[in-house]
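Undergrad: Just add 210 to wherever you are in the sequence shown, counting from 1, and you've got the numbering used here.
Read the hints as simulated data drawn from the structure, not as lab findings. Here a beta-carbon is modelled for each residue, glycine too, at the ideal position from N, C-alpha and C. A couple of the hints might just be wrong.
As the list claims (entries may be wrong) - Cβ-Cβ distance ranges computed for the label pairs, FRET-style:
no.	residue 1	residue 2	range
1	Tyr249	Gly295	27 to 33 Å
2	Phe270	Phe292	27 to 33 Å
3	Asn243	Ala279	38 to 44 Å
4	Ile282	Glu222	17 to 23 Å
5	Leu231	Val274	27 to 33 Å
6	Ala268	Phe292	28 to 34 Å
7	Gly211	Val260	18 to 24 Å
8	Ser228	Gln277	29 to 35 Å
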Amino acid sequence: GGFFTYFVILAENGFLPSTLLGIRLNWDDRSKNDLEDSYGQEWTYEQRKVVEFTCHTAFFASIVVVQWADLIICKTRRNSVFQQGMK
211 GGFFTYFVIL AENGFLPSTL LGIRLNWDDR SKNDLEDSYG QEWTYEQRKV VEFTCHTAFF
271 ASIVVVQWAD LIICKTRRNS VFQQGMK
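Make a model of the complete structure from these sequences and hints.
TA: In structure tokens:
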């Protein structure tokens, strides 16, 4: 779930998965303020880092949600949530 979320956010911001291979050197270059995405939009270093940190946050949040779901699944393995309760 985490990686899916990471790549969806990048794709929504113009960086399609097929363009991400080999982009790291340009992505982390502080002096490059005209990195083009898949749609031709140019990104500054600061803008790229905002998107990157947004991806990190979403990745972490999706892992937390998956862990909650796993907890509920394990807790209600034999009984439904309504029979078991959330005690």
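Undergrad: None of the hints should be skipped; say for each whether it holds.
TA: Results for each hint:
no. : hint                          : in the structure
1   : Tyr249 <-> Gly295: 27 to 33 Å : violated, 50 Å
2   : Phe270 <-> Phe292: 27 to 33 Å : holds, 31 Å
3   : Asn243 <-> Ala279: 38 to 44 Å : holds, 41 Å
4   : Ile282 <-> Glu222: 17 to 23 Å : violated, 29 Å
5   : Leu231 <-> Val274: 27 to 33 Å : holds, 28 Å
6   : Ala268 <-> Phe292: 28 to 34 Å : holds, 31 Å
7   : Gly211 <-> Val260: 18 to 24 Å : holds, 22 Å
8   : Ser228 <-> Gln277: 29 to 35 Å : holds, 31 Å
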